[in-house]
Amino acid sequence: MPVDEESLLEFNPAYDKRRKIKQSFFFFLFRGAAVVNGIALLIIVYFMVVNGWRAITWEFLTQPPMESMTKGGILPCIVGTFCLSFGAIIIALPIGISSAIYLNEYARPGKMVRLIRLGINNLAGVPSVVFGLFGLAFFVVILKMGVSIAAGALTLGAMSLPVIIGATEEALKSVPDTYREASLGLGATKWQTIWWVVLPSAMPGILTGAILGISRAAGETAPIMFTGAVFFTPKLPTSIFNEVMALPYHIYVLATAGTEIEKTRHLQYGTAMVLIALVLGMNLVAILWRARLRNRLK
Amino acid sequence: MNVPEQSKNDDSPEYKMSSEDLDFYYGDFKALNNVTMGFKSCEVTALIGPSGCGKSTFLRCLNRMNDLIPISRVDGKITLDGENIYLPSVDVVMLRRKVGMVFQKPNPFPKSIFDNVAYGLWVNGIKDKAFVRDCVEESLKRAAIWDEVKDRLQDTALGLSGGQQQRLCIARALAVKPEVVLMDEPASALDPIATQKIEELIHQLKEMYTIIIVTHNMQQAARVSDVTAFFYLGKLIEAGDTDSIFTRPTKKQTEDYITGRFG
Amino acid sequence: MADRRQTTEKNMRTMFFIIATASIAVLFLIMLFLFKEGLPIFKTVSVKDFIFGKYWYPTSDPADFGIFPLIVASVLVTAVSGVISIPLGVMTAVYLSEIAKPRVGQIVKPMVEMLAALPSVVIGFFGMVLVAPFLQRVFGIPTGLNLFNAALMLAFMSVPTICSISEDAIHSVPDALREASVALGATQLQTIVRVVVPASLSGISTGIILGLSRAIGETMVVLMVAGGAAMLPRSPFDPVRPMPASIASEMAEAPVGGEHYYALFATGIVLFVFTLFFNIVADYLAQKYAQVGEASL
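Protein chains in written order, with the working numbering: chain A, 1 to 298; chain B, 1001 to 1263; chain C, 2001 to 2297.
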């Protein structure tokens, strides 16, 4: 071993100091990035709450808009959003759960599964406004549903499908194989095993997925603009073929197309706050629930 | 029991590393209990014992690898060249350079063979290309793998066989010129022929390094080590010359383990 | 008895298979209707004039259907948002998976997820009423509703996607590699930069591409914040009109079956092709390098 080269490997305090300073600097940056995200969330929520707080009254939540939407409340929007998002989930949940069961329990890896997964991934990537176009051309025009809860919910349901499938698959994967083997070993068929053993253990995970799906659907605007939601209707829906108002679309309309945008600011903030409370509330429940499930599985 | 004899003079310069009254906790679980022993230069020390006895945990205390586990805690002291490595002033990065480690499963980086060995030099600030090249070659030779890889240094290390990967990992550890090399069951994931090569290698390496090896294979301990220490339930039961431990153990538990009555 | 059980079993299997193809069916229907309603516009305008035409005056007489300014707007808004969201998302992922103490991570991670949950219309509204006046005052520009503002808002919408996928990828790097690096005397930063990030690069790229794909397809933010001018921008503070904004704002006025209606669907085709491309690349990356992180035996 040449001795003079050995010295190159000796402790180099200057280098060591440099790399430590570098580490502190970069860790500061990394932490900063995380903080920026948190701040962004807090700022948005803060402004909506501070400005929207005063608009929230009992009347605001229980009355229809009045005087060309410069006064009154948002009851039809709340009801409409409720109908659209629950309609969407009622459509997407059975299809999504069944798809996930096929992919996770029945399918053997191969071209078909690859194709289905490619389909799901790409469906998840389709822009929301394209879903709107699709819903308009197919449900509203061709199937003659008109602008209605049915057309809007179907469009939103198609959009929620990948979310539900993803969440269900994750839940199914977390069920230990030993459960399946135990059931199959007792002479149960595959379907019996799925129905009595796998689905019950996966149910909490599936339900969190469903909650996330509803909240996503409730916040979407572009897919319902042409298919389910309208500018203004004071009536509450009585059939699934009625058109409705919706919270997100109402915010958009008031903020951009109202006759007196500045004067209705407080209504805009108030509506935004209701929507945020609805969506983040559902998400928080789902996130906390999921975290608890994961901890329990560890 | 010859442990207390060792511990009496653990500041004596003949020990390269030593531990004194070492306790280790994972959360509330006490994984090591009052371990005191020393390691001499140019000797191979084997740590043996049934699984879960704390031998790997003890090994990982020696280069503070357990620091990476958030809920762990250490009491007592470990010295390297007479200095306590658990003092707050000690730079753990420098410590790990002096006390290298080879892991149970071969864990080459998903990089080329050359880059794997050169990595330790690069991160320690050595940029001189010729020097790095020489160092890589020398380390690969010392790890007895040079002839097998010299023509494909730029190929990915993941293409090597398990035994080759493990020798590459040893070369990687040697490249930063450590003084002590810790080996955590380095041959347990390998076939007999690869194991034999690793054992021969350990034999050659002890001329230059202090080697501490964890193994669950008693024949291996007998073959490669000068000193053997038997751990059981987080305690050091007995340590001494490998010959005497295997032929005349002083403790009943050691004898039971060695003769295969448990473990 | 056994026979009947087997038949039921077979039927269940077939039923689940059929339902599982629903996603492909929907995707196929989307494409079918986009093309059915979009292609007729090419009777009036050539494909080349449609894509590279510089003028978008769909309601003039005669109308101009050139979506080049819209495509450029979409690409620019996405690119600028990527400049912000990629470092932010990847760095947050590194922080969460490598640096943060578990307790801090348990607070920050839900916050990032909540950011993803904010409805796009709320982010658009925020950009409109708060960020726009702020930019206008600080930079002394005529309007705060512009390319930069839209990109900024979009960035915060794609950060959660980039962050969570990158984090999963970083998480899947075996600890053995970190230990090997640290045992050689590398600092934590060196371990992250030279070992962990390279080993998870395919996952991180997948996250980045999906994040950008989300940005280019996002509608409400660009509709409310980008300013709406169908012109080629000269500076980041010029108003623009990305494709989704054009579709969303004009569809209400475009009579079903008219040229304008067809032109908007054709714009939808272009947008769809963009996102399809992004998704196929992401899928390819995820498949091809799925095993890279597993370096051990």
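These aren't lab readings, by the way, just hints derived from the structure by calculation.
Accuracy of the hints is not assured; some may be wrong.
With a cut-off of at most 25 angstroms between alpha-carbon atoms, the simulated DSS-like pairs for lysine-lysine come out as follows [stated by the list, open to error]:
id, chain 1, residue 1, chain 2, residue 2
1, C, Lys2101, B, Lys1030
2, A, Lys20, A, Lys144
3, C, Lys2288, A, Lys20
4, A, Lys173, A, Lys190
5, C, Lys2036, A, Lys111
6, B, Lys1040, A, Lys22
7, B, Lys1127, A, Lys22
8, B, Lys1251, B, Lys1206
9, A, Lys22, B, Lys1129
10, B, Lys1127, B, Lys1105
11, B, Lys1251, B, Lys1105
Here's how the hints hold up against the structure:
no.	hint	in the structure
1	C:Lys2101 to B:Lys1030	23 angstroms, holds
2	A:Lys20 to A:Lys144	68 angstroms, violated
3	C:Lys2288 to A:Lys20	36 angstroms, violated
4	A:Lys173 to A:Lys190	16 angstroms, holds
5	C:Lys2036 to A:Lys111	29 angstroms, violated
6	B:Lys1040 to A:Lys22	37 angstroms, violated
7	B:Lys1127 to A:Lys22	17 angstroms, holds
8	B:Lys1251 to B:Lys1206	28 angstroms, violated
9	A:Lys22 to B:Lys1129	23 angstroms, holds
10	B:Lys1127 to B:Lys1105	29 angstroms, violated
11	B:Lys1251 to B:Lys1105	32 angstroms, violated
Consistency note: the structure conflicts with the earlier hints numbered 2, 3, 5, 6, 8, 10, 11.
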